[in-house]
Each structure stands twice: as C-alpha cells, then as structure tokens.
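A.B. asks: In the order they appear, the protein sequences are chains A and B.
Note that the first sequence ends on residue 166 in the numbering used here; no numbers are left out.
Note that the second sequence ends on residue 1166 in the numbering used here; no numbers are left out.
Since the hints were derived computationally from the structure, they do not count as laboratory data.
Treat each hint with caution, since some may be false.
Under the rule of at most 27 Å between Cα atoms (straight-line distance), these lysine-lysine pairs were calculated in the DSS-like manner [what the hints assert, rightly or not]: (1) A/44 / B/1034; (2) B/1152 / B/1072; (3) B/1034 / B/1152; (4) A/44 / A/158; (5) A/111 / B/1072; (6) B/1100 / A/44; (7) A/158 / B/1072; (8) B/1152 / A/158; (9) B/1165 / A/44.
Below are the chains, spelled out letter by letter.
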Amino acid sequence: MAVNKKIRQFLFPSLTPKFLIRASLVALSAYLFFGYICIPIRIKGASMEPTYRNGEVNFCWRLRYIRSEPERFDVVMVRFAGNRVMLLKRIVAVAGETVEFRDGQLFVDGKEINEPYVRYPCNWNLLPRRVERNCVYVVGDNRSTPIENHVFGQTSLKRVIGGPLW
Amino acid sequence: MVKIKHIIIAILVVIVGIWAAFYFSQNEEKRVRKQFDILSEWVSKDPGEKALTMAHKIRSAGDLFAEECEIKAPIDSLSGSYTLEEISSYAAQARLQFSKLSLHFYDLDIEFPDEGRATGLLTANLTGRSTSGERVDETHELQCVLKKIDNKWLFTNLEVVEVLKK
Chain A
1 MAVNKKIRQF LFPSLTPKFL IRASLVALSA YLFFGYICIP IRIKGASMEP TYRNGEVNFC
61 WRLRYIRSEP ERFDVVMVRF AGNRVMLLKR IVAVAGETVE FRDGQLFVDG KEINEPYVRY
121 PCNWNLLPRR VERNCVYVVG DNRSTPIENH VFGQTSLKRV IGGPLW
Chain B
1001 MVKIKHIIIA ILVVIVGIWA AFYFSQNEEK RVRKQFDILS EWVSKDPGEK ALTMAHKIRS
1061 AGDLFAEECE IKAPIDSLSG SYTLEEISSY AAQARLQFSK LSLHFYDLDI EFPDEGRATG
1121 LLTANLTGRS TSGERVDETH ELQCVLKKID NKWLFTNLEV VEVLKK
C-alpha cells in the first residue's frame, strides 16, 4: 500500500511550490546543458566513415578546448553555418605546418604520416600548402571519394567549437 | 505636488521615447527580414510551376536586388558583379534546371552598422530536385549586405562564407 502510494506520488506529484521550483531548475539546467555545453547531434554523411557512421547520434562537447588547443589527430566539430550545422572532421595539421597529399598518402612538413583511422585507400594528390596562423587543417577519415567531392581544408580555430563526446 | 507631476511626465516621456526607438528599429529589422522571406519565395519553385508564375517571379527581382549586386562564392565562376537584368536572366536559366526548389533561411542575425545599410548573417539551406532527377541538398553560411534605396531594402552583396579552404 505504501509502495503504491510512493509510485503514485512519483508519477503524479502534487504541484507544490517546492516541486515546481525543482522542476523549473531541472528544465533550465537541461536546456543550458544540452543547448550550449553538450549539444546533441546527428551525423549526416559518410565523410568520417568508418570512425563515425552516417545516421549515428553523438554529442558536441563544447568544453573540450577550454584549457587546451586542438592538436593533430583530434576529431573536432567545425561550425559550418549558423548554430545548427557543424562539420565533423579530423585535424591533420596545425598552424605553421605544411600539408600535402601524394598518391593518397598524407605528408606534414614533408614527413609521411601514419593514419590508422583511414581504412579506404585513395589516390589524392594535393600540392603542399602552409596552414595559416590561428588555423587548423581538417580532413575526413573517408578518403574513398574523389578529392574534388570531399569537403576538407583549412579553417579558423574560432570555428572549432568542440569535439564529439565519444 | 507640481514637482512629482513633472517627474512622472518626464518618466513617461522617457518610456515613450525608448518604446518609439525600439519600435522603429524593430520595424526596420522586420522590413529587412521580410526581404529574406521574399528572396526565399523568389528562389523556391513548386513542381509544375506555371510559366506565368515564373515570369512574375523573375520580373520582381527589382524588389530584391539593387541595380548592381556583388556576389562572392568559393566557385570563382560565380563570383562577380551582376546587373539586375543579369541576375534575372541567370535565375531564370537556373530555375529551368530544377523541377523543385526550396530555399530556407535559419539563424538570421541582422545588424545595422551604418544609416541605410544592413548586414545579415544566416544559414541558407537549398533543397530540391533537378530535372534529371538528381537530389540537391546544400547548406551554406551567407553574409549579405542590403542598402536602403528609394525606401526599399535591396541586396547589394551576397557572399557565401568559405569555411574550409583547400
């Protein structure tokens, strides 16, 4: 009987001022947390496959680069348009480094870079280019598409808004 | 007693002044927003759109664009300065390539840096289907400049923000 009462109280709580304040605080915290700190995202597209697959759900962790700078091999969220559209990409070079592709192989400052996350071979060729100050160079893990169709390149650090939670 | 009456009147005048300033500035913002709505309608195309509707839309370009409009896009062939006639002509040609088109704007942020000049930063999402059946779904960040000419807010600059530079 007491258990029944507790369940009923849990499912249909009395609308006391204390309860309303608590519910409002929970709603406000959830809004702030999921709206600005840990934003739910749905991955659209195959540019990060097989690391992240089309249709997967994840969260953008906005506090990731509060105390540190993004580094090579980090997977980051790049603000693409407005507040809703983000690109999920991997940093392959940071400011001051020279990035280049030769027959699908990534070279940074002339050194061949091992990329275990790239599973699909490609034949990309890209002439060397230096990453500008306050910028990073990002590429997707899925290099099976022709280089012209893959969205990648240098972006400002200001646009790097965080990273995926997992 | 007279003093209190003067204070109350002064407060009322200040409130009315603030309200008027807010109302009129909002009004200008509303008018600029309206231009984006018209642009969205202007570009959008329903399947089986009648030639008359299309001709009417193309003719109404003068309500949207200034005599000279600068377009900047990552695709160099699109960038340049266009006259109103050129815009109408290119738009008509482009519309013929699609059986269905829909343009939506999100996260529109409008500012008034100078008198008679407004800037808008927004996310544009263009979806549709080409006449050959190919699906189109493009999202970009746009930076627009509008000038108040003959009491109309007209687009003078449209720039597709380049987020990633290869």
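A.B. asks: With reference to the structure, classify each hint as holding or not holding.
C.D. replies: Hints, verified against the model:
no.	hint	in the structure
1	A/44 / B/1034	violated, 31 Å
2	B/1152 / B/1072	holds, 23 Å
3	B/1034 / B/1152	holds, 11 Å
4	A/44 / A/158	holds, 23 Å
5	A/111 / B/1072	violated, 36 Å
6	B/1100 / A/44	holds, 22 Å
7	A/158 / B/1072	holds, 22 Å
8	B/1152 / A/158	violated, 35 Å
9	B/1165 / A/44	holds, 21 Å
Hint check: violations occur at hints 1, 5, 8; the rest are consistent with the structure.
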